[in-house]
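Participant: Protein chains in written order, with full-length UniProt numbering: chain A, 1 to 432; chain B, 1 to 432.
Honestly, the hints are just simulated from the structure, not real lab data.
Please note that the accuracy of each hint is not assured.
Put simply, identical chains are the same to the list, so a pair is met inside one copy or across any two.
As the list claims (entries may be wrong) - The calculated lysine to aspartate or glutamate pairs, modelled on DMTMM-like cross-linking and capped at a C-alpha distance of 20 Å, are: (1) K255 / E28; (2) K38 / E121; (3) K271 / E172; (4) K335 / E28; (5) K431 / D238; (6) K271 / E173; (7) K5 / D72; (8) K271 / D241; (9) K357 / D391; (10) K5 / D63.
There are 2 protein chains.
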Amino acid sequence: MSELKVGLAGLGTVGAAVFRMLERRAAELEARTGRTVKATAVAARDRTRDRGLNLDGVTWYEDPVALAGTGDIDVFVELMGGDGDPAKAAVAAALDRGIPVVTANKALLAKCGLDLARRAEAAGAGLHFEAAVAGGIPIVKTLREALAGNAIERVSGILNGTCNYILTRMAEEKLSFHVCLTEAQRLGYAEADPTFDIDGFDTAHKLAILTSLAFGTQVDADSIYVEGIRQLTLADLDAADDLGYRVKLLGVAVKTDTGIEQRVHPTMVPKHWPIAQVSGVTNAVAVDGDAVALTLVGPGAGGDATASAVVADLFDVARGAQGFAFGLPVDRLQKAERAPMQRHEGGYYIRLAVVNKPGTAATIARRMADEQISLESIVQRRPGGTTSAADTAHVILITYATTEEAVRRAIAAIEADGVVASLPQVIRIEKD
Amino acid sequence: MSELKVGLAGLGTVGAAVFRMLERRAAELEARTGRTVKATAVAARDRTRDRGLNLDGVTWYEDPVALAGTGDIDVFVELMGGDGDPAKAAVAAALDRGIPVVTANKALLAKCGLDLARRAEAAGAGLHFEAAVAGGIPIVKTLREALAGNAIERVSGILNGTCNYILTRMAEEKLSFHVCLTEAQRLGYAEADPTFDIDGFDTAHKLAILTSLAFGTQVDADSIYVEGIRQLTLADLDAADDLGYRVKLLGVAVKTDTGIEQRVHPTMVPKHWPIAQVSGVTNAVAVDGDAVALTLVGPGAGGDATASAVVADLFDVARGAQGFAFGLPVDRLQKAERAPMQRHEGGYYIRLAVVNKPGTAATIARRMADEQISLESIVQRRPGGTTSAADTAHVILITYATTEEAVRRAIAAIEADGVVASLPQVIRIEKD
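Generate coordinates for the entire structure from the input sequences, incorporating the hints supplied.
Facilitator: Structure follows, in structure tokens:
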């Protein structure tokens, strides 16, 4: 019975959860893989901190790069985070000497995934990252292995629990964005500086990885169109509800005639879609293949959920399951043709705060017609609440499929007409 | 570049879809596994039938057992179905000479899974069956690999598309069971003899396999409590809707104090559960682990979806990914302690058609109290429609958590009281 010696860099919430899970599941993992899987070395900053772990007999490293590059280990687990050193140097050091790596570091993969995959391949070592996307949901394994028979057409998901928590509470309890953000921070679902989550960058990192897995392309986070949820108001969520939609921050990668469109933005999805039902911090990923369409729902973050994904990767390492990091050999990964967002086609929700005077709706409708945009509905109404001035109103437009470009031009024309009182709100619609 | 020679037994809808998918994805599979994956031999009944497949250069066998036992193949794919020969003999013949097997045959696995897994292990050959449960949903891989770090507490699912189609149409269009069954037959979703699907046996076969994977037990289909959907009426579905539930035919396996409870029956699930939203022929599986709870939604049947699962297994065979058929070595699979259904605990929906006379509700309530059953609600109402006699009414009870035994005794007592006009309807409730 050979041992799989695990070197663990990072002993925060996730690292500690992995350590405990390996202890708790030791007998099971041994029975299932034929090997004992054990954390034999760890690297973390503060040795004196009590983490409630029994580290007797575990070698302690101050320097994760030293652990990765010289430790007596069979696999290196990187749970430090950050897209630079020491995480990057440590992962590279392990791979370069042929030690497989398991990482939960989406930022690192989004930035350096191609380079790291090349190192892994050159050394014949696996690079595993189930925990980097959608936490406990096995979407990496699903795309890389379970859907190998499918040509993927589209992958999309709720990939950030913080945003979904905020949007769920806004919609269900009729609260403002800021109240919900504060609540999320109080409960530990959002950071003190929430920018990374609520402005969509975290979702974009995860989407970049999914895109590569789904379409066999080189990870390319820079070509993602990103919009966050900061500007959403309760008025928009209420209007969406009235129209039969829910608003979710989606990451979407889709094959189009002009290339692969990668985008992160608030999206109105029909209420009956499985993904519309996903509430709170839960994540979901939907994959449309040419043979199968799947939706996977589960926890996107948290110590146990992330540890579950890390241990699944260790299970694969232990049983010797081989595979390419992004499914294909690095030299087969295509440079992604970037579909420009201006060419995006779909339906749009447009809310305009307008000056309440005769002819306003007609002006708006004409500008839409000028751009060949067909309207599914146009509704003018007084915004709710006691603070709304009598001389302003909301005009809410729902368009049939059109292009981003046409919508942008129509709105610019309406703004030039001087009938709008504040910045227009635009939310893209996905439907069957 | 070595070749993986695939022998395919069964060229019906699924077999033909597998053949075509291997052709269509040949280059991708080669890039991803380093091997060419190609159907080189087939066995089917009628050689003259035009299946639209190019079988040039493919060796034809009349006898699938001969293909499995003597063919020049590296893997045997069994898509004939049936829990006896020739499927069983063919699978055994392949395994016994060390040839890995991919099968979609749930009936065979439910009946002979343990024996076949033992043969696979003895010969060091893989036994793969992703397609046998929930079609295109990768639940076997998820339980066997992705959740290796979890102790599983519960697995449940909508595992039969025919039943879910019928229940969805009944609820949405207010149609009777028989009208919907006829529709399902017309559309090819139900067999001419629908017994196997609508009486729950197909779900039970799949559940038996999931239970073994989830809990490390020996496949034991005989210990499953099975109830189908034949007796459900629109009145029940409407009442469920009023109460905030949907009715689904669920297969459920859950770890209890008295052992593993395996049951298949119509179940009321809260509308907001992801599984409640799953409509039509779609399948869904929910897994509760101690670290992660997942729900997977996708197509449970159909040529392409099933082929997708078969090809995923072939992908694993091609890249040499090893694993035990049911996750653990056969001698580590425990004989399942069977939790008797009488001990089942949960909430119940009970509909009684009663004689409409004073004191009926009081009689019923007293019998419930006699069995220590607490009622969440008791509603007496005239059934809808023009045919209901003035002297009958429905009494609908919702209980708090109680036992199957207590409910059965209370109903027997009420029947003995002579106040019920027809057979009582009992639907178990699952909730948070």
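Participant: Against each hint, give a clear statement of whether it holds in the structure.
Facilitator: Now the hints, each set against the structure:
1. K255 / E28: Between copies only: 17 Å across chains, 41 Å inside a chain, cut-off 20 Å.
2. K38 / E121: neither (25 Å within a copy, 26 Å between copies)
3. K271 / E172: both (14 Å within a copy, 16 Å between copies)
4. K335 / E28: between (42 Å within a copy, 17 Å between copies)
5. K431 / D238: For K431 and D238, the Cα distance is within 20 Å only inside one copy (18 Å; across copies 28 Å).
6. K271 / E173: Answer is both: 17 Å inside a copy and 19 Å across each meet the 20 Å cutoff.
7. K5 / D72: within (8 Å within a copy, 40 Å between copies)
8. K271 / D241: both (8 Å within a copy, 17 Å between copies)
9. K357 / D391: Within one copy only: 8 Å inside a chain, 63 Å across chains, cut-off 20 Å.
10. K5 / D63: within (18 Å within a copy, 49 Å between copies)
Against the hints set out earlier in the document, a violation occurs for number 2 only.
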